[in-house]
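J.: The lines below spell out each chain.
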Amino acid sequence: MQKFKDKNYLLILIIFLALILRFYQLGKYPPSLFIDELSNGYNAYSILKTGRDEYGNLLPLIIKSFGDYNPALSVYTLIPSIAAFGLNETGVRFPSALLGTLTVILTYFIALKISHNQKIAQVSAFLLAIAPWHLQFSRYDHEANFMVFFSALAITLFLFAKKRFLFLISSAFSFGLAFNTYHAAKVWVPLFILCLIFWHQTEMKELKLKKIAILFLILSLFTLPILLNIKNSLIRGQSTGVFKEEKSLEIFFSGYLSHFSPNFLFINGDSIGRHSVEGMGELYVFELPLLFFGLIYLVHKIKEKNEKFLLTWLLLSPIPAALATPSPHALRSLTIIPTLWIISAYGLKKMMSLKNINLRYIALTGIFLIFIYNLITYLHLYYVHYPKIKALDWTYGYKQVFEFIKPIESRYQAIAISNYYGWPYIAALFYLKFDPDQYQKQSQDKSGFYKYEFFKDSWQKTKPGKALVVTPQWQGHPPTVLHQIYFPNGDMAFRVSEEK
Amino acid sequence: MRKAVLIFSIIIVLKQFSQPANCNFETVRQAIAPRIFAEQTTDGKTQSVVITRFLHNKAGIIGSEVGKCYFSYIDPIFLVNTLSIFGFFSFLYFIYDLTLNRAQLTAVLVLFPFIAFYSFPSIILIIIYKLFAIIGLTLFALKK
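Residue numbers (my numbering), protein chains in the order written: chain U, 1 to 500; chain H, 1 to 144.
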C-alpha cells in the first residue's frame with residue numbers, strides 16, 4: 001500500500017482536487033436545479049417508489065420527460081443517489097459529480113496508454129480536474145456527462161485489453177451504456193467505435209470470428225431500446241438537426257469549425273447560460289500555447305497508432321454537435337473530453353524540453369503566472385458572479401416558491417402558478433415530493449394536478465374558495481401580496497398573492 | 001503538381017473574402033468602462049476591494065477584449081470564408097511548417113493579426129493571409 005502511495009501520490013492529490021472542485025457546495029452552485037434536472041430527479045424518484053416513470057410506464061427504456069424522449073439510463077443512475085440522499089439537489093447531482101471525478105481518473109489511464117509517459121498522464125488528469133468545461137457539466141445532472149464517462153471507460157478498457165477478451169467485452173458493454181445515455185450518443189458512439197476499429201485493425205483481425213460476433217451482439221443488444229422506440233427517439237434530433245435547414249451542409253461545416261474557434265475555446269465559451277461561466281472560455285487562456293505546441297508536436301512526431309487515434313478523436317468529437325443547431329455547443333461536443341487536455345500535456349512536455357534554458361524558464365514562468373490568475377478568476381466568476389448573472393437560466397425561484405407554499409397549502413382550495421419560466425408542474429412535483437402513484441393516474445394533463453393549476457398569460461378562477469397565485473414580476477396578480485422571491489442579483493423572480 | 005498548385009492558388013486568390021469583425025483598439029477602449037462597471041457591480045459591496053481590483057481591472061479587461069478581437073481574425077470560419085477550404089488547410093500547413101523549421105518567425109507571424117487593430121484597411125490582412133496560404137500550398141507541393 002505504501003509503495004502504491006509513493007508511486008501515485010500525485011494522482012491521489014489530483015483525484016482529491018477533482019473531488020473538491022466537483023462536490024464543494026454541489027447543491028448551491030449552480031444556483032438552482034434546472035427543469036431537466038428536476039424532471040430526471042422526479043422520474044428517478046417515481047421509478048424508485050413505484051417502478052414507473054411520471055407517465056406510469058413500467059421500467060421505461062426511454063423517458064418521455066417534456067416530449068424529448070431521452071434514453072433512460074441516466075435516470076436509473078440517479079435512483080441509488082436519490083435513495084441515499086433524498087429528492088434534493090445533492091441526490092440529483094451526486095452521480096454526475098462522481099462520474100466527473102471518475103472521468104479524471106480514466107483520463108489518466110487513457111493518457112498513460114497513449115503516451116507511455118506518467119508525467120503526461122498526470123498533467124492531463126490535472127488539467128481535466130480543473131477544466132471549466134468539464135467542471136461545468138460535472139456539477140450539473142446531464143446525460144452528456146454520463147455519455148463522456150461511459151465512452152472514456154470503454155476506451156480505457158479497450159486500450160488496456162491487449163488479448164484479454166473480458167476487457168473487450170466490458171468495453172463493448174460500456175459503449176452500449178454510452179449509447180443509451182444521450183441523443184448525441186446515437187451519432188457519437190458508432191462513429192467512435194469505427195474510429196477505434198480503424199486504428200486498431202491489426203488487433204481486431206487477430207480476434208476470432210466468434211469473439212467478434214459476441215462483441216457485435218453485445219453492441220447490438222444495446223441498440224434495442226432506441227430501435228424499439230425509433231419514432232420517439234428521433235423527435236429531438238429532428239427538431240434541432242441541421243437537415244431541416246436550407247443550406248444544411250454549409251451550416252454543418254461552419255458549426256463544426258466553430259468548435260475550434262479560439263473565441264469559443266478561450267474567451268467567450270458557450271452562449272447558453274448553463275453551459276459556461278460568463279467571462280470565461282471553455283478552456284483557460286494559459287492552455288493556448290500548450291495546445292498549440294502539443295498539436296504541432298503530435299502532428300510532427302506522430303508514429304504510434306494511439307496518438308493518431310487521439311487526433312482523430314479530437315477531429316470527430318464536434319460532429320454530433322455540428323449536426324444540430326445552435327453551434328458551437330459545449331454540451332453536445334463534450335465528447336472532446338479528454339483529448340484537448342492530453343494534447344495540452346504533450347505541449348507542456350515539449351515546452352519543458354526547449355533547448356534554450358532562458359527561453360524555457362521565461363515561457364514556463366509566464367504560463368504558471370497566467371495559470372494562477374486564470375484559476376483564481378474562474379473560481380471567483382463561478383462562485384460569486386455566476387449565481388447572480390445566470391440564476392434565470394437555472395429556473396431559480398421554484399424551490400423558494402414551494403418552500404413558502406408547502407406549510408400553508410392546506411388553507412387554499414387552488415394554487416395557480418404561471419408557467420412563464422417553463423414547466424412549473426415538474427418543479428411542483430419535485431419540491432413537494434408529490435406521491436408518484438397519485439400523479440401517474442392523471443399525468444397526461446399538464447395543466448394541473450391536485451390543487452395546483454398552471455396558466456399562461458392570465459389566471460381565471462375556476463373553483464370557489466381561497467387561492468394562491470404565483471406570478472413573475474410583470475404579470476397581473478391579486479392585490480394581496482403575501483411573499484416575494486428574488487433572484488440572487490436582487491431582481492424579482494416571483495410574487496405570491498392571495499385571491500379571497 | 002504545378003498545375004494543381006496553380007489552380008488552387010487561383011481559387012485562393014479569387015475567393016471572395018468575408019469582412020472581418022469590426023474590432024480594433026477603439027472598440028477595445030470603448031468596452032473597458034462598461035465592463036469594469038458591470039463586473040464590479042456584480043461583485044457587490046460586500047466583496048473585498050483587493051479581490052475586486054485584482055480580478056476586475058483595466059489590464060485584465062484590455063487583455064480579454066484584445067484577445068476577443070485578435071481571435072476573431074484567426075477564427076477558422078473567417079479563414080475558410082476568406083481563403084476557401086484549400087486555402088485554410090494550406091494556411092495551417094504554412095504555420096505548421098514555419099513553427100517546425102523557423103520557430104522564431106512564428107513569433108513574428110502571431111503579430112500579423114494586429115494589423116487589423118490599427119486603421120489600416122482590413123484588405124491588407126486578407127492579402128497577407130492569402131499569400132501565406134499560397135506559400136503553404138507551395139511548401140506542401142515541394143515536400144510531396
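Quick caveat, the hints were computed from the structure, so don't treat them as lab data.
One should not assume that every hint holds.
Straight-line Cα separation of at most 30 Å, DSS-like style, residue types lysine-lysine; simulated pairs [to be verified]:
hint	chain 1	residue 1	chain 2	residue 2
1	H	Lys143	U	Lys305
2	U	Lys308	H	Lys45
3	U	Lys388	H	Lys68
4	U	Lys303	H	Lys15
5	H	Lys143	U	Lys399
6	H	Lys45	U	Lys350
7	U	Lys388	H	Lys143
8	U	Lys247	H	Lys45
9	U	Lys308	U	Lys355
10	U	Lys162	U	Lys301
11	U	Lys301	H	Lys45
12	U	Lys350	H	Lys143
13	U	Lys28	H	Lys45
J.: Next step is simple, just say for each hint if it's right about the structure.
T.: Now for the hints, and whether the structure bears them out:
With a C-alpha separation of about 23 Å, the suggested pair Lys143/H and Lys305/U falls inside the 30 Å cut-off, and the hint holds. Distance restraint check for Lys308/U and Lys45/H: the Cα-Cα separation of roughly 52 Å exceeds the 30 Å cut-off, and the hinted pair is therefore not satisfied. This hinted pair checks out: Lys388/U and Lys68/H have alpha carbons roughly 24 Å apart, not beyond 30 Å. For the proposed pair Lys303/U and Lys15/H, the alpha carbon gap of about 36 Å is over 30 Å, so the pair is violated.
For a cut-off of 30 Å, the pair hint linking Lys143/H to Lys399/U is broken: about 64 Å separates their Cα positions. Annotation: proposed proximity of Lys45/H to Lys350/U is violated, straight-line Cα distance about 45 Å (limit 30 Å). Straight-line distance between C-alpha atoms of Lys388/U and Lys143/H comes to about 55 Å, which puts the hinted pair past the 30 Å bound. About 50 Å separates the Cα atoms of Lys247/U and Lys45/H, which puts this hinted pair outside 30 Å; it is violated.
For the hint pairing Lys308/U with Lys355/U, the CA-to-CA distance comes to about 26 Å; that is within 30 Å, so the pair holds. With a CA separation close to 24 Å, the supplied pair Lys162/U and Lys301/U stays within the 30 Å bound. A C-alpha spacing of about 53 Å is found between Lys301/U and Lys45/H, which places the hinted pair above 30 Å, so the restraint is violated. This hinted pair checks out: Lys350/U and Lys143/H have alpha carbons roughly 24 Å apart, not beyond 30 Å.
The suggested pairing of Lys28/U with Lys45/H holds, with an alpha-carbon distance near 21 Å, which does not exceed 30 Å.
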